[in-house]
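Enquirer: Sequence:
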Amino acid sequence: MATFLYQDRTFECPVQLSMNVIMGKWKVLVLWHVLRRPRRYGELKRSIQGISHKVLAETLKSLEEDGFLLRIDFHENPPHVEYQLTDQGRELEPILLALQQWGMRYKTESLT
Numbered sequence: 024m025a026t027f028l029y030q031d032r033t034f035e036c037p038v039q040l041s042m043n044v045i046m047g048k049w050k051v052l053v054l055w056h057v058l059r060r061p062r063r064y065g066e067l068k069r070s071i072q073g074i075s076h077k078v079l080a081e082t083l084k085s086l087e088e089d090g091f092l093l094r095i096d097f098h099e100n101p102p103h104v105e106y107q108l109t110d111q112g113r114e115l116e117p118i119l120l121a122l123q124q125w126g127m128r129y130k131t132e133s134l135t
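Taking my numbering, the leading residue of the sequence shown gets 24, the next gets one more, and so forth.
Bear in mind the hints are in silico, worked out from the structure with no lab data behind them.
One thing to keep in mind: the hints can contain errors.
Said to hold, decoys possible - List time: in silico SDA-like cross-link candidates among lysine to any residue, alpha-carbon distance up to 25 angstroms:
id: 1; residue 1: Lys50; residue 2: Trp125
id: 2; residue 1: Lys48; residue 2: Tyr64
id: 3; residue 1: Lys48; residue 2: Glu99
id: 4; residue 1: Lys48; residue 2: Gly126
id: 5; residue 1: Lys84; residue 2: Asn100
id: 6; residue 1: Lys68; residue 2: Pro102
id: 7; residue 1: Lys77; residue 2: Phe97
id: 8; residue 1: Lys77; residue 2: Pro61
id: 9; residue 1: Lys68; residue 2: Glu99
id: 10; residue 1: Lys50; residue 2: Asp110
id: 11; residue 1: Lys50; residue 2: Phe34
id: 12; residue 1: Lys77; residue 2: Glu88
id: 13; residue 1: Lys50; residue 2: Met127
id: 14; residue 1: Lys84; residue 2: Glu99
id: 15; residue 1: Lys68; residue 2: Trp49
id: 16; residue 1: Lys48; residue 2: His76
id: 17; residue 1: Lys50; residue 2: Tyr29
id: 18; residue 1: Lys84; residue 2: Val104
id: 19; residue 1: Lys84; residue 2: Val38
id: 20; residue 1: Lys77; residue 2: Arg94
id: 21; residue 1: Lys77; residue 2: His56
id: 22; residue 1: Lys48; residue 2: Ala25
id: 23; residue 1: Lys68; residue 2: Arg94
id: 24; residue 1: Lys48; residue 2: Thr109
Construct the entire structure; sequences and hints are all you get.
Expert: What follows is the structure, encoded as structure tokens:
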């Protein structure tokens with residue numbers, strides 16, 4: 024397979040690009056928690072055990088810059104901001120659901 028260039032980086036295959044974009048310790052978890060409905064920052068922080076404020080903020084910003092999340096600012100006092108999946112983010116739904124199903128099967132099979 025030929026190499027290709029994306030955002031000034033060379034990739035050997037599309038899977039390598041996919042892994043580069045959505046993988047990381049927290050990105051998939053953030054996407055999972057926003058999958059069903061828009062979430063506020065505080066909801067995400069409480070839902071994702073072990074993530075720091077700094078890392079959550081960086082992860083949200085990265086996913087927004089990559090076009091997977093939309094940040095909606097309601098311009099209220101106190102501040103009200105929600106994060107929701109974009110159309111591009113929605114395209115990851117079957118992948119996220121497959122990961123969930125695989126994890127459930129793996130958990131069950133590893134116990135036997």
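Enquirer: Taking 25 angstroms as the top limit, are the C-alpha atoms of Lys68 and Pro102 close enough?
Expert: This hinted pair holds, its Cα atoms lying about 16 angstroms apart.
Enquirer: Taking only the CA atoms, is the gap from Lys48 to Ala25 under or equal to 25 angstroms?
Expert: Violated, at about 29 angstroms.
Enquirer: Straight-line Cα separation of Lys84 and Glu99 no greater than 25 angstroms?
Expert: The given pair, whose Cα atoms are some 21 angstroms apart, holds under the 25 angstroms limit.
Enquirer: Holds or violated: Lys68 and Arg94, Cα atoms, limit 25 angstroms.
Expert: holds, 16 angstroms
Enquirer: Does the structure keep Lys48 and Glu99 at a Cα separation of 25 angstroms or less?
Expert: Cα-Cα ~32 angstroms, so violated.
Enquirer: Lys84 and Val38: Cα distance at most 25 angstroms?
Expert: With a Cα-Cα distance of about 23 angstroms, the restraint between Lys84 and Val38 holds, given a limit of 25 angstroms.
Enquirer: When you check the alpha-carbon spacing of Lys48 and His76, does it fall within 25 angstroms?
Expert: holds, 14 angstroms
Enquirer: So if I understand the rule, the pair passes when the alpha-carbon distance is 25 angstroms or less; does Lys48 with Thr109 pass?
Expert: Holds, at roughly 21 angstroms.
Enquirer: Holds or violated: are the alpha carbons of Lys77 and Glu88 at most 25 angstroms from each other?
Expert: holds, 16 angstroms
Enquirer: Compare the distance between the alpha carbons of Lys84 and Val104 with 25 angstroms, and conclude whether the hinted pair is satisfied.
Expert: Distance of about 13 angstroms is within 25 angstroms: holds.
Enquirer: Is Lys77 within 25 angstroms of Arg94, Cα to Cα?
Expert: holds, 17 angstroms
Enquirer: Starting from Lys50, check that the Cα of Trp125 is at most 25 angstroms away, please.
Expert: holds, 18 angstroms
Against the hints set out earlier in the document, violations occur for numbers 3 and 22.
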